[in-house]
Each structure stands twice: as C-alpha cells, then as structure tokens.
Amino acid sequence: EAGVAQSPRYKIIEKRQSVAFWCNPISGHATLYWYQQILGQGPKLLIQFQNNGVVDDSQLPKDRFSAERLKGVDSTLKIQPAKLEDSAVYLCASSARSGGDQFFGPGTRLTVL
Amino acid sequence: GIQVEQSPPDLILQEGANSTLRCNFSDSVNNLQWFHQNPWGQLINLFYIPSGTKQNGRLSATTVATERYSLLYISSSQTTDSGVYFCAGNAGGTSYGKLTFGQGTILTVHP
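Chains as they are written, first to last, in our numbering: chain B, -14 to 98; chain W, 240 to 350.
The shape of chain B in the complex, shown without the other chains (with noise of 0.2 Å):
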C-alpha cells in the first residue's frame, strides 16, 4: 500500500513570494490533515478535512495560508505572502477515519529568506 505522498520535498523562496505544497493521501482514507512543524517542536495542526469540508482550521493563520481539497482527495496548501517566521516543515497525514491513527507523509521543507 502506497503512503502519503508529497510534493516537492524542499522550497526556499523569499519573503513576500507565494509558495504550494501537495499532498496525496493514502488511498480509500477519507480524513487529511495539514502541520506545522518548526525546528525543535512537535507538530501543530493546521487544518483537517472530512473529505473535501473543512472540520478544523482554528490555528490556520488564514489572512495568509489557505488549504483546499476539491474532489476529496489529495490537497494544495498555500502561503502566500510568506513570512520569515513560516519557515518550517510542512507535514500531511491522512487517517480512514477522523480519530483514527494517522499515517504521515515525508514533509516539505520551506526556507523563507
């Protein structure tokens, strides 16, 4: 069985630019989640979808990032502008069921100079 996918693996950009990151979770699982994780922290939700609604987006700065999962499958987050403090890894998992054990992907690196 495939795991979570993601793309690209590392994205360094200046502040102020845009960046995306993709996300293609284990296939049949209807549950996709998108963290934060800075240098030295655990990681920290972002976001959670039940298929393509949103069910939890409170700690999502969203004057800047927004996320979208249209067809209930894979998923774009972005960030846009970007600021310094956003450098971190970007992590996806997916779970069969909300609450259920989540698997994740091998993150995106973001470097924002």
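Please keep in mind that the hints were generated in silico from the structure rather than gathered at the bench.
As the structure is a prediction and not an experimental result, all values here were calculated from the model.
Honestly, I wouldn't trust all of these hints.
Said to hold, decoys possible - Derived EDC-like pairs: lysine to aspartate or glutamate, alpha-carbon spacing no greater than 16 Å straight-line:
no.	chain 1	residue 1	chain 2	residue 2
1	B	K47	B	D71
2	B	K29	W	E244
3	B	K47	B	D59
4	B	K(-4)	B	E70
5	B	K0	B	E70
6	W	K293	B	D86
What the hints assert, rightly or not - If you only want the chain W side, here are some residues facing chain B, beta carbon under 8 Å, derived:
no.	residue
7	L282
8	N284
9	T292
10	G296
11	N329
12	G336
For every residue, glycine included, the Cβ atom is placed at its ideal position computed from N, Cα and C.
Following the hints, position chain W against chain B.
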C-alpha cells in the same frame, strides 16, 4: 486543548541498553500514538495505543488511560533507534481528529 508533556527531553545510551520514555496528558484522550522521527524528518508510526499494552519487536508501549500517561519501552537499543520520539493524543469531542504533540524526546544511541 490538552497539554502533552514528554520526559526525558534528551537521552543518551550505549548500544544494547534499555530505556523508558514517558508521556503525560492533561486530560483524557481517545487516540494516542507514538512516533519516531528519523534524521530525514519522516514521522514513522510506532503504536496506536489509546489503552493497554502492545509490543512490536524490541519496542513496546503501555497506556494507562485512567491515569493519563503512556510509556514507550525500547530494549536492546541500536544506533538506528536514534532520532526524536513523539507522543501525540486526541481528546475527542470538538477536537475531532486533531493530534496534540509533545515536545519530543531526543534519543542518541552510541555504538
């Protein structure tokens, strides 16, 4: 939301030694997972263990839900066990599936 505390923050072992990592929760959880983050940043699932005891090779985990803690045991450690170990929990209810992570335990195993 729930608070998650992990201890110890750092652990240095010689190959072959055993260790115990602890995770305390501020409230009841209905989903608890242990992960190993390897040097390349990949989070690898170790256990899904909201309660009880599980074993997988040299690793085992026990969660005592009524006392809000979980333990991860690593026996006969190997250099490949090095990395950061995270526990994470979900309190259910309006937190949906959101996992709250601890700060992690950094494990270094020397040959």
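**Restraint check for K29/B with E244/W, where alpha carbons must lie at most 16 Å apart** = Distance of about 15 Å is within 16 Å: holds.
**Prompt:** Any CB of chain B closer than 8 Å to the CB of G336/W?
**Reply:** Since chain B brings a Cβ to about 4 Å from G336/W, closer than 8 Å, the hint holds.
**Asked** Would the pair K47/B and D71/B pass a check requiring their Cα atoms to be no farther apart than 16 Å?
**Response** holds, 13 Å
**Prompt:** Does E70/B lie within 16 Å of K(-4)/B when you go C-alpha to C-alpha?
**Reply:** Holds - the C-alpha atoms of E70/B and K(-4)/B are around 15 Å apart, at most 16 Å.
**Request:** Identify whether the interface hint at N329/W stands, where standing means a beta carbon of chain B within less than 8 Å of its own.
**Result:** Nearest chain B Cβ about 6 Å off; hint holds.
**Request:** With chain B as the partner, please determine if G296/W meets the hint condition of a C-beta pair closer than 8 Å.
**Result:** Since the shortest Cβ distance to chain B is 18 Å, the answer is violated.
**Item:** Agreement of K293/W and D86/B with the hint, judged by alpha carbon distance not exceeding 16 Å
**Value:** Measuring from Cα to Cα gives roughly 15 Å; hence the hint holds.
**Message:** Holds or violated: K0/B and E70/B, Cα atoms, limit 16 Å.
**Reply:** With Cα atoms ~9 Å apart, K0/B and E70/B stay inside 16 Å; holds.
**Message:** Holds or violated: the hint that N284/W contacts chain B, with Cβ atoms closer than 8 Å.
**Reply:** holds, 6 Å
**Message:** So, as I understand it, the hint says L282/W touches chain B; can you test that by seeing if any CB pair is closer than 8 Å?
**Reply:** Holds - the Cβ of L282/W comes within 8 Å of chain B, reaching about 4 Å at its closest.
**Holds or violated: K47/B to D59/B, with C-alpha atoms at most 16 Å apart** = Violated, at roughly 20 Å.
**Interface hint outcome for T292/W [beta carbon to chain B under 8 Å]** = violated, 17 Å
The earlier numbered hints that this structure contradicts are 3, 9, 10.
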